[in-house]
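**Q** In case you want the letters, here they are:
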Amino acid sequence: MLNLPRWQTIVIIAITVLSGLFALPNLLPNRVLDVLPGWYTQNRINLGLDLRGGAHFLLEADLRSVLTERLNNLSDSVRAELRKQQVPFKEVNVEPGRALIVTLRDEAQRAKALEAIRAVDPSLAVSGTGDTIRLAYSDQELFRRKKEVIDQSIEILRRRVDETGTLEPTIVRQGDERILLQVPGIKDTTDLKRKINQTAKLAFHLVNEDVAATGQNIPATLPPTTSLVPTREGMQDLRRSNPKAWEEIQAANPRLTPEQICRRYQPQCLPVLKRVVVGGEDLDDAKATFEQQQGGRPIISFTFNSAGGRAFCTATRANIGKRLAIQLDGEIISAPVVQSAICGGSGIITGTFTTQQTQEQALLLRSGALPATLTIIEERTVGADLGADAIRAGTIAALVGTVLVGLLMFVAYGPVFGGFANLAMLVNLLMVFAGMSILGASLTLPGMAGLVLTVGMAVDSNVLIYERVREEKALGRSAFSSIATGYERAMSAIIDANLTTLIAAVLLFGFGSGPIRGFATTLSLGLLTSMFSSTIFTRMLLAVWVRWRRPTELVI
Amino acid sequence: MWKPVHLFAFKKKFDFLGKRKAALILSTLINIVALLGVAFVGLNFGIDFKGGIALQARAKQGPAQLDELRSIVGGLGVGEVSLQEFGDPNTVLVRVQRQEGGPQCVAGAQRVMQKRAGPGWQVRPGPAGTGDVEFTATAALDGAAWRDAVSRVSLTIVERQLPRGTTATAKVDMSPEQRAEWCQQVAIKLVEDAIGDKYEMRGTESVGPKIGDELMRSGIWAVLATMAAIVIYVWFRFEWQFGVGALIAMLHDVISTLGVFVLLQLDFSLTALAAVLTIAGYSINDTVVIFDRVRENMRRYKKLGLIDLLNLSINETLSRTLMTSGTVFVAVLALVLFGGPVLYSFSVAMLWGVIVGTYSSIWVACAGLVYLKLRPDQLRPADDEAAKAKA
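Residue numbers (my numbering), protein chains in the order written: chain A, 1 to 556; chain B, 1001 to 1391.
Some clues are possibly wrong.
[Stated by the list, open to error] To be clear about the criterion: a stretch of chain B counts as covered by chain A if any three or more of its residues have a C-beta under 8 angstroms from a C-beta of chain A, and this derived list gives those stretches: (1) 1180-1186; (2) 1221-1229; (3) 1260-1273; (4) 1319-1330; (5) 1342-1355.
Note that these hints are calculated values from the structure, not bench results.
Quick reminder that beta carbons are idealized off the backbone N, C-alpha and C, glycines included.
Please model the complete structure; the sequences and the hints are all you need to start from.
**A** So, in structure tokens, the structure goes:
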């Protein structure tokens, strides 16, 4: 038990040193960190919002209303199609948030009616008997639409909340219909809440093909009907090649107009006619799909409402062969060439796109207004100085706790055994820090409490071992043998004791949210790493010590 | 160098289980009182579970005037309000009950709009049974201006909810539930407007009715799932009696901890729930170490009576039990003393948990093994002989 092979000793030391290296960036002062290379210092523990200060919102999207609205649109189309196919019907009703009920005048027309409905939307799930037809979105379609609404809301939030790209917000979906929005370091949430409500401006403009304006060759004067707008790609190139210019643009107050940006920084720009062909508010939907024929290239399909459809029809008929620029918040996200008149209220954009590109473009097209009302159902805002107070309190508690536990161990087990246990406790703390850095976990205030608790609980393994060693010694075993047997016999209790607490901690992680997860994280990490530090690591120390001092009698 | 001090080196011959009847009565009493307390006095649920608003405000000058604040915030029409000093005399925690979205919330929204958007604004509730709210502006506004205006009371609206063109009134349709959630935001604004000039807001927490109910449900599940998982683990590792004994000890600890929350009227929040679960884990941690020794001794001393066997095992592990409880106790004590007001409920509960967890491992879990007849043939040979002698 105490005769460790050399390779084991090396592995144990290596793990300890590595943990120390991973934990170190968290403990060094900023002055030193600035000198060290970035790849080493970037893996640090994130502070949770309750320590760092910031805002946390849980937003719920009103998907039911969105669905009802879609069903209303659908009912219009179904009515129109039934009339076109000359299927007499009594009524078409919307069951809010659920389904569409079509009541026919003549049961015999059912087959014909179903055919007409299939022409409108083949994916609808059909049920009902006799003269009633119940139409609902299939579960798959419902899931897709919900996901679409949430994804779109997230994209809009990202654009709204982080206009300058400096806030590092976390915006993720939670469950079916919720979005978690976290903005660290923000003080005024009023402004944030206002931004959530803003809309992006999406509009279709014709490109003025008579003006040649590419790169540096921008004519000094443009026709009064035309203005310059940078393309999205152009802006991204600028951001990459000239970050300083990008920052200037973001910081400019008042904001620069697209034309000013084009003239001053010369990203890739297009001359577009100022007149709006169709506004974003008339765009109903846009999605990434694949072409039916010709090998199924990825394309973007879009649908207008009736007013938008009419305007689009007139504009495309008169401008075949010209480009139509799609402008979002002062950037052109796409400028496809009009291939033919688009009059059915829906059209497609083709090009050499990858699937990812079509998805991104479709998302951008949908990024006009929020698709669903977002209600704040949970808000937690912590001021930066409150966070600083929490850090101070947590740190003091952790230090005092560690010192007290250390003293107790020293008194109870003496300088050697107590010292080894305390060394193991410090190694354990380093390993928790290292683990959290590697996992990218956040340290919260309850997390600090978990750390303090871990300190108290992690020495338990050593207490178990040492008490067992004392018992074995009392039985008259030699120094060497009592240590070896002590470790061996204490193991089963150590594993049981740690695993039961670990079960509680892991379940807490599963059920808990936010700061509580931080507590569960530090506690479970601490218990796991203590299995290494308190048993394997101290056993190595003791093995070395026994071989060196060759004690005839154990002082424990 | 100093010599180790055997902190708990007494003779180790306590007849722990001889006092099992007294312990049974004590434990039962504590638990009944705790349960009655939870049922009739009730836990002091924090906003995490009940929903509501908690604002931490610090006076810009001098100590916080609790009485003055109470009358100001109490007069806002936001329902029940409670105030307490938080951490230091300058800081106060303002708690407002969860908002149900009644008509006085709409009146509150009007006050917020008049303060933040202009004095002429009017906000009126829509028809009964809906959550609709009608806004009247001082001038005709277009879509973007409407969005901006209503966002001053933290309302987000979508295109569909806006009137076409520019108008001076907008009816925003909402379900009653959505209005209740929105009223939380209105109440925050009202409190901020009312005390904002003298107090600085340090932190705001708002939990809407929906989330509160959900957190409550998932909290109960968490406790049940944790206890079930631990009992199953113990049951697999030991014999069934150990599982039952551990379960009873854990219930004892969890229930009595809830009793402490009632007795001290500690805030029962998510962190408090974490404390309860940790106590459940700690309770078993302690119990399992003794059980482990019991199992070992059962193999070693085949003839020993159950009570002697348990007493022996408890005595053998006693110094470990006390030492570990000691280290956890001092660590938690540091949290109580220095951890700050946010962690206070958590730390106090944990402190109790350490004490009761240690007690229950011996007098509930092990005593349970006696009542569950782990070794049915012989409880204590001496007792048996005494009984025989009597007969």
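**Q** Please go over all the hints and tell whether each is borne out by the structure.
**A** Hints versus structure:
1. 1180-1186: Three-residue rule met by the segment 1180-1186 of chain B, so holds; n is 4.
2. 1221-1229: That given contact holds, which follows from 5 residues of the segment 1221-1229 of chain B lying within Cβ reach (below 8 angstroms) of chain A.
3. 1260-1273: holds (count 3)
4. 1319-1330: holds (count 9)
5. 1342-1355: holds (count 5)
Going through the hint list in order, the structure satisfies each hint without exception.
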